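Please construct the entire structure, taking both the sequences and the accompanying hints into account.
As a plain string of letters, each chain reads:
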Amino acid sequence: MAAAVEFDNVTRRFGEIAAVDGIDLSIDEGVFFAMLGPSGSGKTTCLRLISGFEQPTEGHVRIFGANSERIPPNARPVNTVFQDYALFPHLSVRDNIAFGPMVRGVSKRNRYAEASRALDMVALTGFDLRSPRQLSGGQRQRVALARALVNKPRVLLLDEPLGALDLRLREQMQDELKALQKSLGITFIFVTHDQGEALSMSDRLAVVNRGKIVQVGTPEEIYSRPKSKFVADFVGASNVLSPELSARSGGAAAWSSLRPEFVRISRGGHANLSGKIRAVKYLGATRRVTVDVGGAEITALVEANSPLPSPDSPVGLSWSPEALHAMESE
Amino acid sequence: MKAAPGLPAAQASALARLSDAFWRHPRIFVALLLLLPLSWLGVVYIGSLSALLLQSFFSIDEFSGLVQYEFTLKTYRELLTPSNFDIILRTFLMACAVTVAASIIAFPIALFAAKYARGRLKALFYLGAMLPLWSSYLVKIYAWKLILAKEGIINWVVEALGLKFLLELILSTPVIGGNSLSVSYIGTFIVLLYVWLPFMILPVQAALERVPRNVLEATADLGASRGQALRHVVLPLALPGIVAGSIFTFSLTLGDYIVPQIIGSSRRFIGQAVYAHQGTAGNIPLAAAFAVVPILIMAVYLWLAKRRGAFDAL
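Chains as they are written, first to last, in our numbering: chain A, 1 to 330; chain B, 331 to 644.
Hints listed in this document are in silico derivations from the structure and should not be mistaken for laboratory results.
One should not assume that every hint holds.
Just some of the chain B residues that point at chain A, by a computed CB distance under 7 Å [to be verified]:
1. A479
2. G482
3. E547
Simulated DEER-style distance windows between Cβ atoms [to be verified]:
4. B:F442 - A:P72: 35 to 45 Å
5. B:L634 - A:Q134: 52 to 62 Å
6. B:F442 - A:L169: 54 to 64 Å
7. A:Q55 - B:Q591: 48 to 58 Å
Remember, it's a predicted structure, so these values are computed and weren't measured experimentally.
Yeah, the Cβ is synthetic: ideal placement off N, Cα and C, and Gly gets one too.
Next up, the structure:
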């Protein structure tokens with residue numbers, strides 16, 4: 001498969017600060033790619049380097065094999081869904097969507113027809129003449145999506161597009177975006193700080209921290225085999241065991257991660273570690289139990305209806321050997 | 331009633347009770363707050379404007395020179411006599427010219443200030459735009475008289491550059507030309523443009539300031555060139571600011587009587603006509619009728635602007 005976007009040792013500095021710091025990355029054509037990282041990690045700058053609003057200080061960004069440095073944003077085969085949608089407030093929904101075709105010189109009749117089809121695609125049939133001000137957040141989001149997709153980009157960039165939506169709407173849009181990407185078959189590059197969103201939607205994802213890519217892989221790889229403490233903690237709040245603790249509990253003498261949902265709590269019998277229950281937090285379907293194992297704490301996710309020893313009572317923690325994953329670095 | 335535990339008991343002092351009453355009846359509080367400004371606006375401002383309007387429907391007795399307090403449209407008919415109508419037309423055209431020129435000059439300055447200037451540069455912009463408003467209006471105009479005079483710096487520079495023939499060519503244009511810049515309509519235009527320009531720059535800059543950066547980026551992202559972005563997005567979004575600014579430049583030019591008095595030919599503008607008729611001539615009705623003209627022109631202008639959708643992006 002050809003690479004849609006490649007980062008070749010790309011650095012982008014703002015004064016002293018390197019927002020993007022020597023990134024190498026290759027994003028295949030036709031995949032749903034997520035960039036996950038805390039705010040200020042440089043993931044949005046990566047997106048802006050692809051769309052052309054930022055230029056690399058060092059290195060090259062290649063789009064379909066071509067160096068992009070001299071190509072201005074309006075000539076790139078990419079379109080962006082902006083964070084707060086960036087709809088044109090003085091234009092109707094139809095004119096917003098028809099903006100791309102208009103500047104390319106498509107006749108009014110044809111571009112309005114294209115706009116109507118794009119509205120069908122995002123389930124907003126008949127909204128042509130509304131003003132963006134009359135729309136809800138979710139509807140604006142769809143208009144922004146239609147406005148980008150009507151240009152038939154080969155790469156669609158989405159900058160935290162679901163951040164402003166409420167939980168239910170966000171989950172619905174996640175499913176729709178995923179389905180849309182499948183049916184269109186184009187590359188989606190999706191920036192988010194929400195690990196659940198990144199895991200559930202993407203084919204591949206990159207975890208970004210402090211301008212560097214910490215790990216790239218499929219959601220399963222990243223979730224179950226994090227490379228470092230940062231990934232283990234940021235993606236799904238894993239338990240991180242020091243080499244000493246890992247060895248004590250029967251694993252390798254290395255920094256290791258242990259997913260809370262793999263930890264079983266028992267009273268007596270065989271256990272990898274033993275300790276005392278410190279806190280229990282009710283989360284609806286599950287309970288998060290914090291256990292003091294002497295100098296460290298391990299959290300376990302247990303079903304809310306399972307019986308639980310009372311606080312401060314001694315318990316045993318156990319897990320299957322493959323659940324404890326030794327990481328490459330600290 | 332006993333106070334709920336944890337809440338302080340009802341306050342005792344008169345001031346505190348008054349404060350409590352206001353809190354319980356916010357409408358009364360708002361009404362009290364608005365009483366003074368509204369009575370100022372109602373009595374002093376609207377009241378005198380109505381008195382002016384009323385005056386314009388009276389007329390003056392040509393023999394005695396006394397005002398006749400009878401309703402008539404005679405004074406308005408007088409406005410349409412060639413000499414008076416010339417004054418109106420001249421003022422109107424000057425206001426149009428100043429407004430158009432001010433919006434053309436102000437737009438790039440405002441765009442730069444709103445979207446490109448940062449930090450110190452932005453402070454410099456505000457200073458530059460506001461500074462002319464800090465000094466006395468009269469001092470500025472007399473300064474301009476010196477600048478534009480035959481012995482002034484413009485003439486001197488033009489002569490030094492060997493371009494005197496060009497200036498003379500411009501000044502030889504009928505109607506707008508004259509003996510020197512300071513006694514021509516061109517001079518009046520330059521000075522009016524100078525004194526009213528800040529009133530155009532600031533609203534346009536405010537309008538552009540409200541346009542988010544990513545809206546401008548979206549134009550490029552969707553394939554628009556800079557020209558297309560300017561035409562289809564930036565200008566329409568700046569339009570409410572331009573209209574607001576033009577209300578200032580247009581109405582201030584329509585009403586000004588000092589600039590044309592000091593700089594320009596001796597032919598009158600509306601402001602000068604009002605000044606002369608209410609003063610030495612003692613023809614208050616005609617002065618009032620003249621004063622109504624700018625109000626009517628502005629009303630028509632705003633109505634047209636609203637109909638063309640100039641305020642839709644507000």
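Evaluation of the provided hints:
| no. | hint | result |
| --- | --- | --- |
| 1 | A479 | violated (47 Å) |
| 2 | G482 | violated (45 Å) |
| 3 | E547 | holds (6 Å) |
| 4 | B:F442 - A:P72: 35 to 45 Å | violated (20 Å) |
| 5 | B:L634 - A:Q134: 52 to 62 Å | violated (26 Å) |
| 6 | B:F442 - A:L169: 54 to 64 Å | violated (40 Å) |
| 7 | A:Q55 - B:Q591: 48 to 58 Å | holds (56 Å) |
Of the numbered hints stated above, those contradicted by the structure are hints 1, 2, 4, 5, 6, listed in ascending order.
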